[in-house]
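**Q** The listed protein sequences derive, respectively, from chains A and B.
Going by the working numbering, the first residue of the first sequence is number 1, and it counts up by one from there.
Going by the working numbering, the first residue of the second sequence is number 1, and it counts up by one from there.
Keep in mind that the hints are not guaranteed to be accurate.
All copies of an identical chain are treated as equivalent in the list; a pair is satisfied when it fits inside any one copy or across any two copies.
[Claimed, not checked] Heads up, simulated EDC-like pairs for lysine to aspartate or glutamate below, C-alpha to C-alpha not over 16 angstroms straight-line:
id	residue 1	residue 2
1	186	76
2	328	291
3	401	153
4	425	679
5	654	619
6	102	76
7	74	177
8	174	149
9	466	132
10	425	671
11	174	153
12	274	679
13	74	96
14	646	313
15	425	399
16	6	209
Hints were generated in silico from the structure; no laboratory data involved.
Number of protein chains: 2
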Amino acid sequence: MAFDTKAVREVLDAARAAGRTALTAPEGKRITDAYTIPTPAEGLATTADEAVALADRIGFPVAMKIVSPQILHKTDAGGVRVGVASAEEARTAFTEIVTSAKAYDPQAGITGVQVQQMVPAGQEVLVGAVTDPTFGKVVAFGLGGVLVEVVKDITFRLAPAGHDDALSMLDSIKAAEVLNGVRGGKAVDREALAGLIVKVSQLAADFPEIAEVDLNPVFATEDGVLAADVRILLTDARPAERRRYTREEILGAMRRLMEPRSVTVIGASNEQGKIGNSVMRNLIDGGFPGEIHPVNPKADDILGRKAYKTVTDVPGDVDVAVFAIPAKFVPAALAEVGRKGIPNAVLIPSGFAETGEHELQQRIVDIAEEHGVRLLGPNIYGYYSPWQDLCATFCTPYDVKGGVALTSQSGGIGMAILGFARTTKTGVSAIVGLGNKSDVDEDDLLTYFGEDPHTQCIAMHLEDLKDGRAFVEAARATVPKKPVVVLKAGRTSAGAKAAGSHTGALAGDDAVYEDVLRQAGVIRAPGLNEMLEYARALPVMPAPKGDNVVIITGAGGSGVLLSDAIVDNGLSLMEIPPDLDEAFRGFIPPFGAAGNPIDITGGEPPSTYEATIRLGLEDPRIHALVLGYWHTIVTPPMVFAELTAKAVAEARAKGIEKPVVASLAGDVEVEEACQYLFERGVVAYPYTTEKPVAALGAKYRWARAAGLL
Amino acid sequence: MAFDTKAVREVLDAARAAGRTALTAPEGKRITDAYTIPTPAEGLATTADEAVALADRIGFPVAMKIVSPQILHKTDAGGVRVGVASAEEARTAFTEIVTSAKAYDPQAGITGVQVQQMVPAGQEVLVGAVTDPTFGKVVAFGLGGVLVEVVKDITFRLAPAGHDDALSMLDSIKAAEVLNGVRGGKAVDREALAGLIVKVSQLAADFPEIAEVDLNPVFATEDGVLAADVRILLTDARPAERRRYTREEILGAMRRLMEPRSVTVIGASNEQGKIGNSVMRNLIDGGFPGEIHPVNPKADDILGRKAYKTVTDVPGDVDVAVFAIPAKFVPAALAEVGRKGIPNAVLIPSGFAETGEHELQQRIVDIAEEHGVRLLGPNIYGYYSPWQDLCATFCTPYDVKGGVALTSQSGGIGMAILGFARTTKTGVSAIVGLGNKSDVDEDDLLTYFGEDPHTQCIAMHLEDLKDGRAFVEAARATVPKKPVVVLKAGRTSAGAKAAGSHTGALAGDDAVYEDVLRQAGVIRAPGLNEMLEYARALPVMPAPKGDNVVIITGAGGSGVLLSDAIVDNGLSLMEIPPDLDEAFRGFIPPFGAAGNPIDITGGEPPSTYEATIRLGLEDPRIHALVLGYWHTIVTPPMVFAELTAKAVAEARAKGIEKPVVASLAGDVEVEEACQYLFERGVVAYPYTTEKPVAALGAKYRWARAAGLL
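The shape of chain A in the complex, shown without the other chains:
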C-alpha cells in the first residue's frame, strides 16, 4: 500500500517544532487520512455558528468534542457530547463544552470543537501501537469497552504486521467468538479489520518518533471499520544502536567458538581449587583433541602443558581464549587477545555489570569491538561442546553426546541443566552460559545451532533479550529446521523485579513476550523443569504428520487423566472410524472400551499391548500414540518396555515415524522401564500422566510453527 508519508512527516515535524508530544485531533485526522484509516466525517468549529453549519453538512445526529492540546482526557473535562440531534442542540453543546473545558483547565488553549459523524452501532474494538523496550514497535488489538480493559484481553504482534499476522490477531483474543457474531449479532468485516491493523502497524513502523497510537474505540461492523477516536503520542527517545554482525560473521565466529582447534586459558593454574586449574583439568580430562595452551606469567608448565607468559606468545592461530583471571585484569588481557587475532573471548570472571561495575563492562565491550573479538559472558560458568569433547568450564565435565543445545543466562540454572542432563542421560550438543550477555547473545547462538548438524533442538533460559528483533529473526530462520524452547524468567511482575535486581535487565511486558515469541514460532516453557523435559524429549520424537492422537491404555484411570492432558495441551483425540474401531476391538476383551482412549483393560497379557500398539503404529490415519501402562504381574514393566520399543523399532525400519509417548503407572520398576523406553525413542515417564502429553504437545506446537501441519 502507498501511504502519504510526506503528509505525516509534516504533521510530526510541526508538532515537534512546537514542542508537543501529544497530537491534536485534527493532526490525528491528517495522519489517519494519510494512511487511509477510515474515520468519521468531521470538521473543526471555532464558533457555535460554525458548529451548527458543520453538523448540518455532516447530518444529524453528530458527536461534539473539545479540541485542546492540553486536554487529553476529553470526557473528564466535560468536553464530549454525543447524539446531538438538532441545530439548537449543537449550538448549546458548543457553549457548554467550551465552558466546561475552561473550568477544567483554565490554562488550556482551546482550539475549537470537533463536530463528528455519529458512528454506526457495531462491535467496539481497540487497535493501537506501542513501543516495547525489548521488541520495539508492536501493534495491539483487543475488544473495546470497560470489561475487556478489566480482563486484559489483548494481543500483540511485531510492527509492521502483515495481513496474515493481522488476521491471526482476531483469533488470538479470548473473546474471539464475539467477532464472529454471537446471539444474533453479525460477524464483523474481518478483512477490513485486519487491513486497519496492518495500516496502524505500518504507521508506527514508518515513524520512529511515534511512541504510541491508540484507535479506541474502533467500530467494527459487517460493512467495515471506523476509528472513532485517535490518539497519537510522540517521543524524542531513540533506542541505542547496537552493533550488528552479518549472518556470515556470526556463523564464522560461533563455529570457531563451538568447534575450536586451539584453545588458550588465560590464568591457567596448577593450584587446585582455582578456576584456572578447574578449566585446564576439564579441558584435558574431557579429552579435547585440539591444542590447549595455558597462559600464566609465573609458570613454565601447567598440568604437563607448556605455559606462556602472555597470550601473544602462544603459537599459531587460536580460536578461543578462556579467561580465568579477576575482572580488573580482563581489559589488558583482552586487548592482547585482540592483537593476537583470537576471535572469541570466554569471560568466566564476575565483577562486571552484575555487581554494578557497568563502566568496566563497557570498557571490555569497547576493546572487543575495536579488535573484532566476540565476548561470551562475563560472569559465566563457561561452556560445553560435547561433540568436540570440549568442557571449557570450571564445573564438572559432561560427555553424553546428543541433539539438544542448551543455554542459560544464569549460572545456577546452568548447574541445574548439568545435573538434570546427567541424571536423565540427556544427549547434549552444547551447554552455554550467557551471563551478562555483554556481546554474544541468544540470537548469535541460535543462528549457529540452527546450522549445527548435531543440534536437533535448542532450549534457552533467559531473563531478557538485549535485542528482541534480532532474536525473532534468528528464531524464524531456525524454527522451520528444529524446535526452539524458551524459558523466559521474570514472567510475573515479582519475577521481573527480581530479574531487574539480578542483571540490571529491563524486563519487557510479558504479554508482549508471550505473543511475539509465539509469533516467532518458539515453544515457551512455563517453568524450569518443563524446559528441561522438553529439551530431553523433543529430539527423541519424530515430527507428527497429522493431528490424530490415539490413547491406548491398560489403566482406564490413566486414560481419563491422559484425555484431560490431551485437551490441556491443545491436542486432538482422534475420532476412530468404524473399521479401525472394529480392528482394535478384535484385540481387546469384550468389556474393554474401544473408541478413544482405547481401554485394553488392566489384566491383559503382553500380546494385547503389542497387538494394539502395532495397529496404532501401522494405521496411517493415526499420527501419534499416547500409551498408558498399568503394572500387573501378567505384563511387568520391562516386558511392556521391551515389546513397545521393539514395535516402534520395527515400524521405523518400515519407514513409519510417529511420536510415541507413554505414562507408566506402577511400582518402582517402572522407572527403569521409562529410561529404557526413552533411550529407544519413546518419551516415557513414571507416576505422571501430564508430562508425556506435555512433551507431545510441545512437539505439536513446534510442528505447527514449522509449517509441517
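Put chain B on the given structure of chain A with help from the hints.
**A** The following block gives chain B in isolation, referenced to the frame of chain A:
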C-alpha cells in the same frame, strides 16, 4: 428471612397440574415477589387499551414483552420492545408484538403482553440456580452480556448459599473489578447483590422441582438491584435416594476396616499367581499382628494357617472379609459374610458395573444393605493400613509408616501411588482402592481419616462423586484439622467422556466441581504428579502463621524463577522492612541484592547460607522461607543440606515452626541433598523452581481454608 413459600407452592402446583415445566412471566413474578426479589413494576395487558393504561400507570418509557407458555426466546419471536415512550407507541407495539409472535409460532397460545418499568442503567449481571448431577442445587453468578457469555466468567456455590458465600461470589469472577466501578463507573450495592444471590439460592433449595432459575439480566446499581427478566424451569425428576449412614456408623465401620483385629480371606489359595495367594502372602509378609483366617472349601491349610470351608466356620469376631473369588461367586459368599456379622467386605474381583454387569453389582449392594455390611469396591487392588502392618492387596507390600492417606478410584493410579511412595520414601497412613464405589465412598474414608491420629493429610484421586453433598460435608468437617487434596480426573470434556466409558460415572460440570471443591476447602491438584507431590510435601511442612514469604537464594537466576512461582501460586513476597533489610545486608556481599529475593550471590561459603537462613527462621515477621541453592565448590550440596536441616531443627527446638522449601540447582549430588532435606522437614526438589513453591502454595491454600490465616 421469611419467604412466602405457600405462594410459590401454589404457582408450582398449578403449573405442574397444567403439565408445564416452564413458568410464564406472571408466574415468575409471583414467585420473585414471594421471595422478595426486586423486579420492575409491571402488569399483563391482554388488549392494546390495557397496555396503554398500564404503561401510563407505570410511567413512560416502558418495555413490552410477549407472554406465551410456548415462547421462551422472546426476542427471537419479535416479542420484545423497549423504550416505548408514549401511549401511541404502546398501542402500536402491542399489535406488532402479538402479530410477530403468531407468525413465529402459530401454535403458541398468547396470554398477553407484559408491560414493564424500564430498568435503570447499571451493571448487567446474571443470578441463577441450576441442578448439578453431582452436587444438586447450585447458585450461579456472573456478569451479564454477550461478552461474558463468550468468556464464561461465572461462579457457583452450593444452594442455599449464606450471605458470606454470596459475597465471596462477587470476588470470584475474573471481571470482579467491574463491580467496584471502573473508569468513573460507580460501585454496585454489594450487600443488595449478595442478598439477591441468597434469595435465589434459597428458592432453588426450598423447592426440589425447580430445576433452573435464571435472572438475566439483573441490573445492579449503587442503589440496589432489579431483576429485569425471570425464567424458571421445573422438572419431575427426583434424584435417587441414597442410603445414608450416621457419622458414628461410618466411623464404627471404617475403624474396623482400617484397624482390624481379625481378617478373613475368601478364596485364599496356596497356588502362586492366584490373587487369593498374593493377598495371603502380603498379609503374612506384611507382618499383620492380628488374626488371619483363610477360607477355601478345598484346602485344610493355606500358607501354614488353618483354612475354613466357609466364612461361617471362622472362629470369633471378624472385622474384614477380603474377597479373592470370581464375581459370580460373590453374592453367595457375601450373604454368608452378612450372616456371620462381618461389617466390611473388601471386593477385589472385577466383573461388575465396569464390565457392564450392573445387575450383579446391584445384587451385592442389596445383599450388603440387608445385612449391614459395608462394601469396599468391587474392582480394586485392595488396601494398605501401614500403621497396622496391614497389606490387604494382591500388589506388592508397602511399609513406610507416615502421615498421608491416599485413595484412588482407579487401580492404575493406585499402582502409581505405590511406586511413587516407594521411590520417594513417602510415609503413608493408608492407601485404599475405591474402584466401582458400590458403597464405601470418599466421604466415608474422609470421615475416618479426619479422626485418625496417624493421618496428617489426605489425597484422593476420583473420577466422580456418588454424593457430592456428603463429600462436601465430610471435607468441611476434615479441612479445619488436616489438608485434603483432590485430583478430579475428567476435568475436560474429553476426559469426562473417557471417565464415562470407564466406570459409567456421570461426570459433573467441571466449573461446578472447581467452585464447590474450593468452597469445601479442598486443595485441587491439577494432575497426578501434583497430587502425589502435595501428598508427600504437605505433612512435612508446619502450617504458616502469616502471609510473608521470603526467598533466600545463592543463584540470582533461581530467585527470578522462584519469584514467578510465588506469583503463580498466589503467595506474597514480603516487603522487607528497613531494619530487616539492614540485618540481611550484614551477611551478604555488597554487590548481593537484599530486598526480596535476598540474593546472597553464588560464590558464598556455608556461613552465608547459614546466617541468612537462621535470620529468616528467627525473625517473627517472616512466615515462610523459600531457599534457592546453587551448587558450588565452596558450598557443596550436602553441606548446604546439613546446615539447613540443622538450622531448621534448632529453630524447631526453640518453638519456631515455619514452612521451609528449597530448590536445588546443581549437579546430581543435589538429589541426595533433597532427599536428606525432605526427611528433615524441608520440602526440597532438584532441577525445578516450580515444585517447591507449588507445595508451599498448596499448604497456604489449606491454611486459608482451615481459617488459620
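**Q** Which of the numbered hints above does this structure break?
**A** Failing hints, ascending: 2, 3, 7, 12, 14.
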